[in-house]
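S.K.: Listed here are the chains, written in short residue letters.
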Amino acid sequence: MPDASPIPLDQLIVCTHCDAAYTLKRPSAGERARCARCGTVLITPRRKAGLQIIAISVAITILIIAATVFPFLSITAAGNTNSVSILDAALAFSDGPLLALALLTAALIIFVPLARVLLTVYVLVPIVLDRPPARRATQAFRLSEALRPWSMAEIFALGCAVALVKISDLADVAFGPAFWMFAGLVVLVVAQDNFLCRWSVWKSLDKTQTS
Amino acid sequence: MEIAGQNPDIISARELGVVACTRCTQVWPAGTSDCARCGSKIVARDALSLQRVWALWLIGLMCYVPANVYPMLQTRTLLSVQEDTIVGGAVELIHHGSIGVALIILIASVVIPLGKFIAIAFLAISVKRPSTVSKQHRQILYEVVEYIGRWSMIDIFVVAIMSSLVQLNALAAVNPGRASLFFALSVIFTMLSAQAFDSRMIWDLQTRRQRSDTQ
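Each protein sequence line maps, in turn, to chains A and B.
The opening position of the first sequence corresponds to residue 1 in my numbering, with each subsequent residue numbered one higher.
The opening position of the second sequence corresponds to residue 1001 in my numbering, with each subsequent residue numbered one higher.
These aren't lab readings, by the way, just hints derived from the structure by calculation.
Don't take every hint at face value.
As the list claims (entries may be wrong) - Example chain B residues on the side facing chain A (calculated, C-beta under 7 angstroms, incomplete):
#1 1013
#2 1101
#3 1103
#4 1157
#5 1203
Stated by the list, open to error - With a Cα cut of at most 30 angstroms, we get these calculated DSS-like pairs of lysine-lysine:
#6 1128/B x 25/A
#7 48/A x 25/A
#8 203/A x 48/A
#9 1041/B x 1135/B
#10 1128/B x 203/A
#11 203/A x 25/A
#12 25/A x 1041/B
#13 1128/B x 1041/B
On a predicted model such as this, the values are computed, not experimentally measured, just so you know.
The beta carbon of each residue, even a glycine, is placed where N, CA and C say it ideally should be.
When you get a sec, could you build the whole thing from the sequences and use the hints?
M.R.: What follows is the structure in structure tokens.
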């Protein structure tokens, strides 16, 4: 298409996975725009998504803090009892060279999810309120996106199930309150991730900055 | 498909003379070096991408060997001390009858990591020379690799939970073994390797070949 280059740059959308270029046509709420070549979802706007995501984020923050502090699992065998919180589980590797692993585990299951949620709230609240974006909002959202693969709460949840089965013939296992909080947390984290339309967020960060 | 191209022959941004920011998807004229919207570095095609992929891939593979040789878990009970490697632990579980859990462990710690090494190597080779596997399938393979790689961390979390939970004084104690560190490093480096791969390269070959077909 030799006549395509005069199209203004903001009328173009490019698939970041396969580099296919399209002229922009905004899907209406609830619809999804996919790349015709590789199928990547490009735009997925939702009505009131911003408010829903903020609400979910607040819930996630409370749950992460609570789930970290309260006892998570407890086991009993022949009169001996031991109960641990998620923080204890993360810090299990605390001797010698395994300390690095302890910090890493704590980061992957607690701090990265928490950081992502806080950054998302920081970016979205001004957008939802139709205010100019918060200071350094673009950097905040960029960091949040970069951290995305490193947020592993849902993997930790499946890890719990596996560990329970492994332990169950060694001792009796009981769930603490934090276990159920964490279960709810995983559902919310996944929901939040699916509600968020990156393209729309970037668009609103951009619009408010240039005008 | 709300934004189908006007032409079934989809053109790439590079042919249009524009380049898109891979982080925020904003489009800029070709040659732009920094995205003015989000501040990311912009590269039309990362020439060093494959080198980074292979370097990280190799580190991941090197860490995967000690991860399987050293014990992952040390179980101390009243009578005995037992050290299990990843595969050894899974075999133990099968003997105890928990075949389902053993399968999860085997899939997450053996099948997925090995599959990832093969898949990344295949993708990196396939952008350099013609491949019989279609671009769509390779794109799907890349996305599966990117999505599923994180799940290998599950074994680390299992070890973490068990070794913090099973601390019953003299009765029984579970402690993490050296392999856990290597295994975590191996997962991290293969994740970084997959991220370093620029999937747009899969499609470049297609457009190049189509052009030469039509000429």
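S.K.: Indicate, hint by hint, whether the structure satisfies it.
M.R.: Hints versus structure:
With its C-beta approaching chain A no nearer than about 4 angstroms, residue 1013/B sits inside the 7 angstroms limit, and its interface hint holds. For residue 1101/B, the shortest C-beta to C-beta distance to chain A is roughly 5 angstroms, which falls under 7 angstroms, so the interface hint holds. The interface hint given for residue 1103/B is violated, since its Cβ lies 10 angstroms from the closest Cβ of chain A, which is over the 7 angstroms cut-off. With 7 angstroms as the threshold, the beta carbon of residue 1157/B comes within range of chain A, its nearest partner Cβ sitting at about 3 angstroms, so the hint holds.
A hinted interface residue such as residue 1203/B counts as satisfied when its beta carbon comes closer than 7 angstroms to some beta carbon of chain A; here the least separation is about 4 angstroms, so the hint holds. For the hint pairing residue 1128/B with residue 25/A, the CA-to-CA distance comes to about 34 angstroms; that exceeds 30 angstroms, so the pair is violated. The straight-line distance between the Cα atoms of residue 48/A and residue 25/A is roughly 20 angstroms, inside the 30 angstroms bound, and the hint therefore holds. For the hint linking residue 203/A to residue 48/A, the alpha-carbon distance of about 16 angstroms falls within 30 angstroms, and the restraint holds.
A hinted pair counts as satisfied when its Cα atoms are at most 30 angstroms apart, and residue 1041/B with residue 1135/B qualifies at roughly 26 angstroms. For the hint linking residue 1128/B to residue 203/A, the alpha-carbon distance of about 35 angstroms lies beyond 30 angstroms, and the restraint is violated. Only pairs whose Cα atoms come within 30 angstroms are accepted, and residue 203/A paired with residue 25/A is accepted, the gap being roughly 14 angstroms. A hinted pair counts as satisfied when its Cα atoms are at most 30 angstroms apart, and residue 25/A with residue 1041/B qualifies at roughly 26 angstroms.
As the CA atoms of residue 1128/B and residue 1041/B are separated by approximately 24 angstroms, the hinted pair is consistent with the 30 angstroms bound.
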